[in-house]
Amino acid sequence: AQSVTQPDIHITVSEGASLELRCNYSYGATPYLFWYVQSPGQGLQLLLKYFSGDTLVQGIKGFEAEFKRSQSSFNLRKPSVHWSDAAEYFCAVGAWSGNQFYFGTGTSLTVIP
Amino acid sequence: GAVVSQHPSWVICKSGTSVKIECRSLDFQATTMFWYRQFPKQSLMLMATSNEGSKATYEQGVEKDKFLINHASLTLSTLTVTSAHPEDSSFYICSARSTEGPGYEQYFGPGTRLTVT
Chain W
1 AQSVTQPDIH
11 ITVSEGASLE
21 LRCNYSYGAT
31 PYLFWYVQSP
41 GQGLQLLLKY
51 FSGDTLVQGI
61 KGFEAEFKRS
71 QSSFNLRKPS
81 VHWSDAAEYF
91 CAVGAWSGNQ
101 FYFGTGTSLT
111 VIP
Chain Y
114 GAVVSQHPSW
124 VICKSGTSVK
134 IECRSLDFQA
144 TTMFWYRQFP
154 KQSLMLMATS
164 NEGSKATYEQ
174 GVEKDKFLIN
184 HASLTLSTLT
194 VTSAHPEDSS
204 FYICSARSTE
214 GPGYEQYFGP
224 GTRLTVT
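First to last, the protein sequences are chains W and Y.
Read in order, the letters of the first sequence are residues 1 to 113 in this note's numbering.
Read in order, the letters of the second sequence are residues 114 to 230 in this note's numbering.
If you are wondering where the hints come from, they were derived from the structure by calculation, not from laboratory data.
Any given hint could be a false lead.
Label pairs and their in silico Cβ distance ranges [stated by the list, open to error]:
hint, chain 1, residue 1, chain 2, residue 2, range
1, W, Pro-7, Y, Gln-173, 24 to 30 Å
2, Y, Pro-153, W, Asp-54, 36 to 42 Å
3, W, Gly-41, Y, Glu-176, 22 to 28 Å
4, W, Lys-68, Y, Gly-129, 48 to 54 Å
5, W, Gln-71, Y, Glu-176, 23 to 29 Å
6, Y, Ala-115, W, Gly-62, 34 to 40 Å
7, Y, Glu-135, W, Gln-45, 17 to 23 Å
8, W, Gln-45, Y, Glu-176, 29 to 35 Å
9, Y, Lys-127, W, Pro-7, 24 to 30 Å
10, Y, Glu-135, W, Ser-70, 43 to 49 Å
11, Y, Gly-129, W, Glu-64, 46 to 52 Å
12, W, Ser-18, Y, Pro-153, 27 to 33 Å
13, W, Thr-5, Y, Leu-181, 31 to 37 Å
C-beta atoms are modelled at their ideal positions from N, C-alpha and C, and glycine is treated no differently.
The shape of chain Y in the complex, shown without the other chains (with noise of 0.2 Å):
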């Protein structure tokens, strides 16, 4: 149980294009999903917490234009990268917290490598 998928898993798009990767949960309900990005050789770094029906919550330094997020349902969330440029190359990995349950686990997605030409 509690799997969380990501598509694509990797992307190449041109600069200046826009990039949306897919976050589901597959066998449970999500109101909370996370987005982070990971650049190589280093941790992961929260960008934005998405509640389903509500606007994200991004962290400090992220550009909420650029990086659009969208949680229309409690099995889906959207990442769009918009104009991307080859800065944003990055692997972005989802999570999600099940509605039922403790809240304090989080289960990932297995990652979206996206590289900008």
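Excised from the complex, chain W in its bound form (with noise of 0.2 Å):
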């Protein structure tokens, strides 16, 4: 069965610290993976997205993802967090036709000074 799984529900850091949030799939096709942001009563940002190539993917406002098909994770990073960082974050993974997509259960994000 086709799922995403975000361990952290909720995490707090620093202002200026590294983050990672994690993300694992379970998909029986390839997978191509997405990162989404979402600030409260808004909608859905693309952070980044992978569909092969190079596993590690660079996304806007700083952030990165690195693909491990061993691992079947695909997790956020982040070198330094800024306040305006805080925010809801969800995992996805979709089909090729673009038919079905899985959100994980999103990880909350606060962001202290």
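The task is to assemble the complex, starting from two chains supplied on their own in separate frames and drawing on the hints.
Right, here's the structure in full:
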């Protein structure tokens, strides 16, 4: 069965500290992986995506993610967190056809001064 | 590019009335649009897949007679919540898949907050 797991429901980091948000997936076919960010009351903004090729992908706002097939993981990282990064982060896996998106339950990020 | 809009952004309605939410792809054509529902502090749950010119495909447990979906053109899909009740209050998000390029990317709208009183 297809699923996406984000083990951390809530993470608190200090501004300027590094960040890693975990994402594990279970998918029967070649996974296409995404990270989205959602600010309160807003829609989803795409941070980055992985389709193929280099397993380390760069996204917007200084985020990057690494696809590790052996671990079925697609963790999101940022070297130095800014207060504006406080939001909800969702990992998603999709099919090539684009007809199915499976979202993780999300990780809420709090940034403290 | 690849902008999806939703209207209205928020709506309050009385119990028993119907509410229509529009989802538009502004700068691309979308053969397929998706409707999601998001409860507070929870993830997005796919409600239905809307294909232009054909009937929508609903996920298990979603009442098709209550959540009417119409995809009349390549840039517009509508979700009508019929006979709304307080338990229908939620954040509804649509997404659209472009007719060109890779099929695996969806572009998301900003969402519509529905409150039923």
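Okay, the hints, checked on the actual structure:
no.: 1; hint: W:Pro-7 with Y:Gln-173: 24 to 30 Å; result: holds (26 Å)
no.: 2; hint: Y:Pro-153 with W:Asp-54: 36 to 42 Å; result: holds (37 Å)
no.: 3; hint: W:Gly-41 with Y:Glu-176: 22 to 28 Å; result: holds (26 Å)
no.: 4; hint: W:Lys-68 with Y:Gly-129: 48 to 54 Å; result: holds (51 Å)
no.: 5; hint: W:Gln-71 with Y:Glu-176: 23 to 29 Å; result: violated (39 Å)
no.: 6; hint: Y:Ala-115 with W:Gly-62: 34 to 40 Å; result: violated (22 Å)
no.: 7; hint: Y:Glu-135 with W:Gln-45: 17 to 23 Å; result: holds (21 Å)
no.: 8; hint: W:Gln-45 with Y:Glu-176: 29 to 35 Å; result: holds (30 Å)
no.: 9; hint: Y:Lys-127 with W:Pro-7: 24 to 30 Å; result: violated (41 Å)
no.: 10; hint: Y:Glu-135 with W:Ser-70: 43 to 49 Å; result: holds (44 Å)
no.: 11; hint: Y:Gly-129 with W:Glu-64: 46 to 52 Å; result: holds (50 Å)
no.: 12; hint: W:Ser-18 with Y:Pro-153: 27 to 33 Å; result: holds (29 Å)
no.: 13; hint: W:Thr-5 with Y:Leu-181: 31 to 37 Å; result: holds (33 Å)
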